[in-house]
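> Single-letter residue listing:
2 protein chains.
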Amino acid sequence: MVRERRSRRDGASALRPAPAFVLVEPQLGENIGAAARAMLNFGLSALRLVNPRDGWPNPAAEAMASGASAVIEGTRIFGSLEEALADCRYVLATTARPREMLLPVLDPAAAADALKIRIERGETCAVLFGRERAGLYNEEVARADAVISIPVNPSFASLNLAQACLIVAYEWARADGREAFAGGLDEAVPAPRADFERFIDHLFGELDARGYFFPPEKREVMERNLRVAFTRAGLTEGEVRTLRGVIKALTRGRKK
Amino acid sequence: MVRERRSRRDGASALRPAPAFVLVEPQLGENIGAAARAMLNFGLSALRLVNPRDGWPNPAAEAMASGASAVIEGTRIFGSLEEALADCRYVLATTARPREMLLPVLDPAAAADALKIRIERGETCAVLFGRERAGLYNEEVARADAVISIPVNPSFASLNLAQACLIVAYEWARADGREAFAGGLDEAVPAPRADFERFIDHLFGELDARGYFFPPEKREVMERNLRVAFTRAGLTEGEVRTLRGVIKALTRGRKK
Numbered sequence: 001m002v003r004e005r006r007s008r009r010d011g012a013s014a015l016r017p018a019p020a021f022v023l024v025e026p027q028l029g030e031n032i033g034a035a036a037r038a039m040l041n042f043g044l045s046a047l048r049l050v051n052p053r054d055g056w057p058n059p060a061a062e063a064m065a066s067g068a069s070a071v072i073e074g075t076r077i078f079g080s081l082e083e084a085l086a087d088c089r090y091v092l093a094t095t096a097r098p099r100e101m102l103l104p105v106l107d108p109a110a111a112a113d114a115l116k117i118r119i120e121r122g123e124t125c126a127v128l129f130g131r132e133r134a135g136l137y138n139e140e141v142a143r144a145d146a147v148i149s150i151p152v153n154p155s156f157a158s159l160n161l162a163q164a165c166l167i168v169a170y171e172w173a174r175a176d177g178r179e180a181f182a183g184g185l186d187e188a189v190p191a192p193r194a195d196f197e198r199f200i201d202h203l204f205g206e207l208d209a210r211g212y213f214f215p216p217e218k219r220e221v222m223e224r225n226l227r228v229a230f231t232r233a234g235l236t237e238g239e240v241r242t243l244r245g246v247i248k249a250l251t252r253g254r255k256k
Numbered sequence: 001m002v003r004e005r006r007s008r009r010d011g012a013s014a015l016r017p018a019p020a021f022v023l024v025e026p027q028l029g030e031n032i033g034a035a036a037r038a039m040l041n042f043g044l045s046a047l048r049l050v051n052p053r054d055g056w057p058n059p060a061a062e063a064m065a066s067g068a069s070a071v072i073e074g075t076r077i078f079g080s081l082e083e084a085l086a087d088c089r090y091v092l093a094t095t096a097r098p099r100e101m102l103l104p105v106l107d108p109a110a111a112a113d114a115l116k117i118r119i120e121r122g123e124t125c126a127v128l129f130g131r132e133r134a135g136l137y138n139e140e141v142a143r144a145d146a147v148i149s150i151p152v153n154p155s156f157a158s159l160n161l162a163q164a165c166l167i168v169a170y171e172w173a174r175a176d177g178r179e180a181f182a183g184g185l186d187e188a189v190p191a192p193r194a195d196f197e198r199f200i201d202h203l204f205g206e207l208d209a210r211g212y213f214f215p216p217e218k219r220e221v222m223e224r225n226l227r228v229a230f231t232r233a234g235l236t237e238g239e240v241r242t243l244r245g246v247i248k249a250l251t252r253g254r255k256k
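Order-wise, the sequence lines are chains A and B.
Just so you know, my numbering puts the end of the first sequence at 256, numbered straight through with nothing missing.
Just so you know, my numbering puts the end of the second sequence at 256, numbered straight through with nothing missing.
Next up, chain A with everything else stripped away, as it sits in the complex:
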C-alpha cells in the first residue's frame, strides 16, 4: 500500500503505454539516474539495463533519480542485449552518426511517430542507447529496425547519455500527444525478437555447417549484412516460421 502510494507520488503510475529505453553497458550510476529522470519527465518509465558496469542496485543511480525512483525500482536487468530485446517487436538504435549499414535513418520526430504507431497496436518497442563513450557497437546497431540520428551541430556534438534520452523522450511525448497517423504503415506485426533470433541461429548454423562463412575474418560482416537484410523485412511470427521451413527444405536432399 505504501509502495503504491509512493509510486503515484513518483509520477510513474498510470502512465500510458510507451517504449522501453535500453541502456547498453552504462558505466556511471549518475547517468542511469539522470536517464530515469529524463524519461519520467516525458511520461516514460520502462528502463532496461544490459550489464551495468557497477552492478544493480546502484546507490548512485538511486540518488540521482530522486523523484523518479519508481523508474529505478522497476528497472529490469539483462545479461545480454539479445535477452533485453526478446519480447520486442520494433527496435530503434540511437547513434552519434549514421553508419553504412543500410538501415533506415530517422530523426527523433520521425522515430517517435514510428514508435507511436506500434505502441498503439500493442507492440513492445525499445530504443537502444550505447555506452557513455563508446556508444553502440555495430553488431548491436544491427539488431535494430532503424537508426535514430539526433541532428546536432557537426562541429560540437557532445550530447551525453541523459541528454540523448531527454530528446528522444521529448519527441515521444509529442508524438504520443498527437493523433496517431494510422496510414502509411503495412499491417505486418513483427515477430518478437526471440523468435527472430532463433531463426537467425538456425540459418547461421546451417550456413556454418556448409562452410559459407569464408574467409573467417569476413564472418562478422557477412553475418551482420544478412541480419540487417532480414531485420529490415520486419518479419512476422508466421513469416519466421515459414522461413525456418524454407531452411529445412533447402537443407534436405532433392526428391528422387
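Among these hints, one or two may not hold up.
[To be verified] Dumping the calculated EDC-like pairs for lysine to aspartate or glutamate here, alpha-carbon to alpha-carbon at most 20 angstroms:
| no. | chain 1 | residue 1 | chain 2 | residue 2 |
| --- | --- | --- | --- | --- |
| 1 | A | Lys248 | A | Glu197 |
| 2 | A | Lys255 | B | Asp208 |
| 3 | A | Lys248 | B | Asp208 |
| 4 | B | Lys248 | A | Glu223 |
| 5 | B | Lys255 | A | Asp201 |
| 6 | B | Lys218 | B | Asp201 |
| 7 | A | Lys255 | B | Glu206 |
| 8 | B | Lys218 | A | Glu223 |
Don't read these hints as lab results, they were simulated from the structure.
Once you have looked at the hints, place chain B on chain A.
Positioned in the frame of chain A, the structure of chain B alone reads:
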C-alpha cells in the same frame, strides 16, 4: 590569432544567426556551463546572463563548459533584464507552467518556428530562462512576447535549467535546418526488380525440387507469402547476391 583558431575548433565560429539565450540570475556555475554546452550542441552560441549569483568569470562554468568555451568567452553580462533585452525585437519566456497573463503560449516547436521567421528577417531574438528553483518572476515573464511551455509529465515536471535549454535549442536547430536534414531517407537502394525476380525463381526452384510446396493447392499462397516477406525488406543488389549465395550454400551437403 590563437583565440580565433581555438574558437573555430570549439565549434562556435561561423555559426548561423540564432536567438540569444538569456539566463536570469543563475545560481550555479555548473548550470551555466551545462547550458552553454546544450546550446552549442544545436548551433547556438549567444549567451547572456543577468546578475549571475557568483559573479563573472566563473571557474565552475568554464570547467563544465569544456569544449564549449567559446560560448563562455563570448557571454555577455547585464545588471538588469531590461538591459539584457535592450536590442531584442522578439522575446520568449520559458515557464514551467503557463500563467494567467494573456500571453500566447507556444510549445517549443512553435516557438522555434516563430523565432526562425524573425531571425531570417535579421531581428535579434532572445529566449529567457529563469532561476534554478524560483524560475522567472511574473514581471519578467511580462517582458516577453510569448511564453514557451515544454509539455512535461504533469506528475513529474523536473527539467533542470540545462535540460530546458537543450529542448529549446534542439527545436531551434530543427526549425533552422528544416530543409537541410538529410535523414528520414532509407539509404538502401533496392535492387532492380529483374534481379529480385531471379532470386525468387532460384529460391522457388530449389524449394520445389525438395517438395516444399505441399499440398499443391496451397502453393500459390505459400509463394505469395514468401515473396511479400522478401519484398518488404527492400533488398539491395548486394543483398540479393548474398541471398543467392545463401541458397547455394544451404543446398549443398554439409562439410565432412
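> Are Lys218/B and Asp201/B close enough, with their CA atoms no more than 20 angstroms apart?
Holds, at roughly 18 angstroms.
> Regarding the pair Lys248/B and Glu223/A, is the alpha-carbon distance no greater than 20 angstroms?
holds, 16 angstroms
> Is the hinted pair Lys218/B and Glu223/A satisfied, with a Cα-Cα distance of at most 20 angstroms?
Given pair Lys218/B, Glu223/A is violated - Cα atoms ~32 angstroms apart, limit 20 angstroms.
> CA of Lys255/A to CA of Asp208/B, is that 20 angstroms or under?
Since the Cα atoms of Lys255/A and Asp208/B sit roughly 9 angstroms apart, the hinted pair holds (cutoff 20 angstroms).
> What's the verdict on Lys255/B and Asp201/A, does the C-alpha distance respect the 20 angstroms limit or exceed it?
Status holds; Cα separation ~18 angstroms.
> Given the proposed pairing of Lys255/A with Glu206/B, does the C-alpha separation stay at or below 20 angstroms?
holds, 11 angstroms
> Given the hinted pair Lys248/A and Asp208/B, is their alpha-carbon gap at most 20 angstroms?
Roughly 13 angstroms between the alpha carbons, so the hint for Lys248/A and Asp208/B holds.
> For a C-alpha distance cap of 20 angstroms, please report whether Lys248/A and Glu197/A respect it.
Status holds; Cα separation ~16 angstroms.
Hint 8 from the list above is the single one not met by this structure.
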